[in-house]
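Throw the hints in and build the complete structure from the sequences for me.
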Amino acid sequence: MVVNNINIYSEILRKLDKLYPEIKSNLNFNTPFEFYVAIVLAAQCTDEKVNAVTKELFKRIKSFEDLDSIPLEELEEAIHPTGFYHNKAKALKEGAKYIIKNFNSTLPNNFDDLIKIPGLGRKSAYAILGYVFNKSAIVVDTHVKRLAVRLGLVKKGDPITVEKEIALNVEEKDWFKLSYMLNQHGRLMCTAKNPKCQECILNDICPKVGISKNK
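Per full-length UniProt numbering: the sequence shown = residues 1 to 215.
A couple of the hints might just be wrong.
As the list claims (entries may be wrong) - Simulated restraints on C-beta separations:
{"no.": "1", "residue 1": "113", "residue 2": "90", "range": "19 to 29 Å"}
{"no.": "2", "residue 1": "168", "residue 2": "110", "range": "37 to 47 Å"}
{"no.": "3", "residue 1": "73", "residue 2": "135", "range": "35 to 45 Å"}
{"no.": "4", "residue 1": "100", "residue 2": "201", "range": "40 to 50 Å"}
{"no.": "5", "residue 1": "83", "residue 2": "192", "range": "18 to 28 Å"}
{"no.": "6", "residue 1": "205", "residue 2": "66", "range": "41 to 51 Å"}
What the hints assert, rightly or not - Calculated cross-link-like contacts (lysine-lysine; reagent style DSBU-like; alpha-carbon spacing at most 30 Å):
{"no.": "7", "residue 1": "145", "residue 2": "116"}
{"no.": "8", "residue 1": "156", "residue 2": "15"}
{"no.": "9", "residue 1": "101", "residue 2": "135"}
{"no.": "10", "residue 1": "59", "residue 2": "24"}
{"no.": "11", "residue 1": "164", "residue 2": "145"}
{"no.": "12", "residue 1": "156", "residue 2": "208"}
{"no.": "13", "residue 1": "116", "residue 2": "62"}
{"no.": "14", "residue 1": "116", "residue 2": "208"}
{"no.": "15", "residue 1": "15", "residue 2": "208"}
{"no.": "16", "residue 1": "155", "residue 2": "145"}
{"no.": "17", "residue 1": "18", "residue 2": "177"}
{"no.": "18", "residue 1": "49", "residue 2": "145"}
{"no.": "19", "residue 1": "15", "residue 2": "135"}
{"no.": "20", "residue 1": "145", "residue 2": "196"}
The set of hints was computed from the structure by calculation and includes no laboratory data.
For glycine and all other residues, C-beta sits at the position ideal for the given N, C-alpha and C.
Now the structure itself:
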């Protein structure tokens, strides 16, 4: 464990809350079904491209039954711009069948059931819990991993380690909020290349692990 001090986490929460006071998904959706489709398509694809694809796709499919019945080739063509469309189409179709059969066509609202759905990984399952069901969840993506290391919260940025450290040092009610804010800050400020350290609201408390000293 690198940090066992709730104060630095509280300070991160306090500062970032000024920049990101409201939680809003970067993926457009209106129903649990739509978020499920969007989060599967978002793998190794920009949210903007996913939103462009789902804007048209959701005119044609509106339920897990629709997703199950649409021909595979037709689905692949529709989601082609998101990349890895063969794998994603297969995952969506298999996931739809599983949800219809095991959960009466309703997206489950607990991690243990979500993680069993074909095509859903740990990060996606937690994203569903947070964004769709407003439940406690720690969503560790590439941005959150990067910031956790740079802020000195962990030495190794693997998802399980980051999850454990956040769970240990942050109140459960703030889990999703913190992971959301770290994600947004990683997208906009603490980018993988050329992070804007001098403009960053966390500059005075960040050890900048792995960042050159001239930043």
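Could you tell me which of the hints above the structure violates, numbers in ascending order?
Going through the list in order, the structure violates hints 2 and 14 and respects the others.
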